[in-house]
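Protein chains: 2
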Amino acid sequence: MEPSERADRPVGINDVAARAGVSAGTVSNVLNRPERVSEATRIRVERAIEELDYVRNSSGRNLRSGRSDSVGLVVLDVTNPFFTEVAQGVEDVAAEDGLAVVLLNSAERRDRQRRSARLLAEQRAAGAVVMPVDGDTEDLLWLRKQGVCGVLLDRGDVGPETACSVSVDNRAGGAAAARHLIGLGHERVTFLSGPEGLEQCRTRLQGLREGLAEVGIDPESAVRVVHTAQLNAESGEKAVEEVLAGGPGRRPTAVFCANDQLALGVLKGLGERGLSAPADLSVVGYDDVATASLVHPGLTTVAQPKYELGCSAMRLLLSELNDPGHRHERLRFTPELVVRGSTAVNRG
Amino acid sequence: MEPSERADRPVGINDVAARAGVSAGTVSNVLNRPERVSEATRIRVERAIEELDYVRNSSGRNLRSGRSDSVGLVVLDVTNPFFTEVAQGVEDVAAEDGLAVVLLNSAERRDRQRRSARLLAEQRAAGAVVMPVDGDTEDLLWLRKQGVCGVLLDRGDVGPETACSVSVDNRAGGAAAARHLIGLGHERVTFLSGPEGLEQCRTRLQGLREGLAEVGIDPESAVRVVHTAQLNAESGEKAVEEVLAGGPGRRPTAVFCANDQLALGVLKGLGERGLSAPADLSVVGYDDVATASLVHPGLTTVAQPKYELGCSAMRLLLSELNDPGHRHERLRFTPELVVRGSTAVNRG
DNA sequence: CCCCGTGATTGACACGTTTCAATACCCGCT
DNA sequence: AGCGGGTATTGAAACGTGTCAATCACGGGG
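Keeping their order, the protein sequence lines are chains S and H. Taking this note's numbering, I'd label the letters of the first sequence as residues 1 to 348. Taking this note's numbering, I'd label the letters of the second sequence as residues 349 to 696.
Take the hints with a grain of salt, since some may be wrong.
No more than 30 Å apart at the CA atoms, straight line, and that leaves these computed lysine-lysine pairs for DSS-like [said to hold, decoys possible]:
1) H:616 <-> S:238
2) S:268 <-> H:586
3) S:268 <-> S:238
4) H:586 <-> H:616
5) S:268 <-> H:616
Hints are computed from structural coordinates only; laboratory data are not their basis. Quantities reported herein were computed from a predicted structural model and do not represent experimental measurements.
Just need the whole structure built from these sequences, with the hints factored in.
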């Protein structure tokens, strides 16, 4: 139709310039600093852009500026609703600034985390929000050395002189669960943990113990710890047997799970054995994922501000990117206990 | 420490070349076609790369090649477990080929879908897997015109001469649900749909009707349709009232939900009214998300091969990218009914 | 001793954009 | 008419990489 339609070479800024009868620099100005160009030419250029269906090539732009306009989000498990809500927050805030979010999934594996970091470095990403596998912040530090500023999210620790970080007070969460259970008269509780060595699990356990100690209960004898292979429902279901074990006298009256997924698994496992919460066992989870309110009985759980976590992490990142007087910040949220039906007064 | 450590200008291919005493072209060859370079120099270059901690700049590479090495995945809702499982599949397959996945969230909004498309075009993404909002394939076509080859996933339709597509046979899914309910003696069923006009909902409903007609039941009188504002649990919960409405004689004995989220909401809503499935109402969902097996009673649902959906979409995309003799393909899965506790024989 | 073939390496250019110093233009004032 | 000052536009130079024709080094064969 249009005789000026060239071969299949994509249309570039020069084609637009030619069509509008101006230089490439002017087109660039129209795109980036419209105030510097007269209205007449601006309109002419805009029409040319429209007519040619020009879309700018960000490779060129990034090459020139040495910086890309996308940020990375390295997440531990895309299928875990906790992380996707965080991602939602990150993305919404990033969108306000026109930044694209590259979602990388480390699947809890160090090698994949490393690959993700390399990738972001190669892209010269503007920044990255990373939830390190297992508290391993090495890749984050490497990224920063490469000039990609990174914010630490929810796990691990680097000094506040090194990078921003946002986290939730896991100790307080554990203590809140403890106080709730004590208030209901529970004195023997099992902590259902994830794989050994996970920092967040350890800290939640620590909070639980401290909460018990506060009221004079000896944590050593009152809490027993059971480890699972993974932080998912299947593991929780399988662990029910072991949670309940220990002889009738020593059978716990409550279980505090490191994770909602685990807790949901426990609820299911109880049902399969003809038992139920809270009659046979009070169950407390952690995270407050959407499903927690859908099961019956509803899951009592320690709620984390997931969406806000993502938002604030991204805001800190934006501040570091745009604000020249930026000082690293260490943001810390306090979780809140949400009481639903899975816990009740101990009638043991 | 190293006196050769330059200013904070990032190290480029030229720095490596200088350090190794070769030309930039040779370094590039080491990186991209190692077989063309002698072993001695290759080792020397590799050491230089190591020593300088060089990471290549993909802006330059992409600019040169006119193509980036990442693919887009445009998804309707990052927080919906259905989509995240699909994303998992896409990502796993992409990782095999060293492609990065940029996850874009259209949040069911046309404008955000358009933004995502623009972004991918600007990045000159190698390809895109897109689940169009509301069957709107316009952006996909535009992307293809821009040279970004796109695969259509799960919704909408373009002719197979235009692009590859992967979908699930929604009609068969609806029919399977119908057969199951008929087998249990249900003859009055409500279809709980999403917002009006969603193609997938319409087709599932159509399948339901056809399944009923097969055995001589008149769909017109047997099925009633209730629409909700969104395809989420909250909407399902709110819709319970309306689902149950219609007077005792006309009260349905079963409800078929367009979505597991809706179905889970219905289960919750029933509980809040002192009712329960399947005693008061048999409930069937669609998708088989992880939660479906965790609630009590377990949710009978039409299972979609979510992970495989993602894998195949990405495979088709890879084929189009790498295989010169590629022919567009239209892949179609058949869903499978998973029977759990939320449905039972009609004792009305 | 020269020529030629082969394989390794180089040098220069192209990719599409932004930036910035330099220029062209216009207007009002002396 | 000439000049100063402001604004609009241009032209050329980067940015870091991949490619490819041209060159170089090295031996073997005539």
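Structure-based check of each hint:
Under the criterion of a C-alpha separation no larger than 30 Å, the hint pairing residue 616 of chain H with residue 238 of chain S is consistent with the structure, at around 25 Å. The suggested pairing of residue 268 of chain S with residue 586 of chain H holds, with an alpha-carbon distance near 25 Å, which does not exceed 30 Å. A C-alpha spacing of about 10 Å is found between residue 268 of chain S and residue 238 of chain S, which places the hinted pair at or below 30 Å, so the restraint holds. A threshold of 30 Å between alpha carbons decides the hint, and for residue 586 of chain H with residue 616 of chain H the separation of about 10 Å falls inside it, so the pair holds.
About 16 Å separates the Cα atoms of residue 268 of chain S and residue 616 of chain H, which keeps this hinted pair within 30 Å; it holds.
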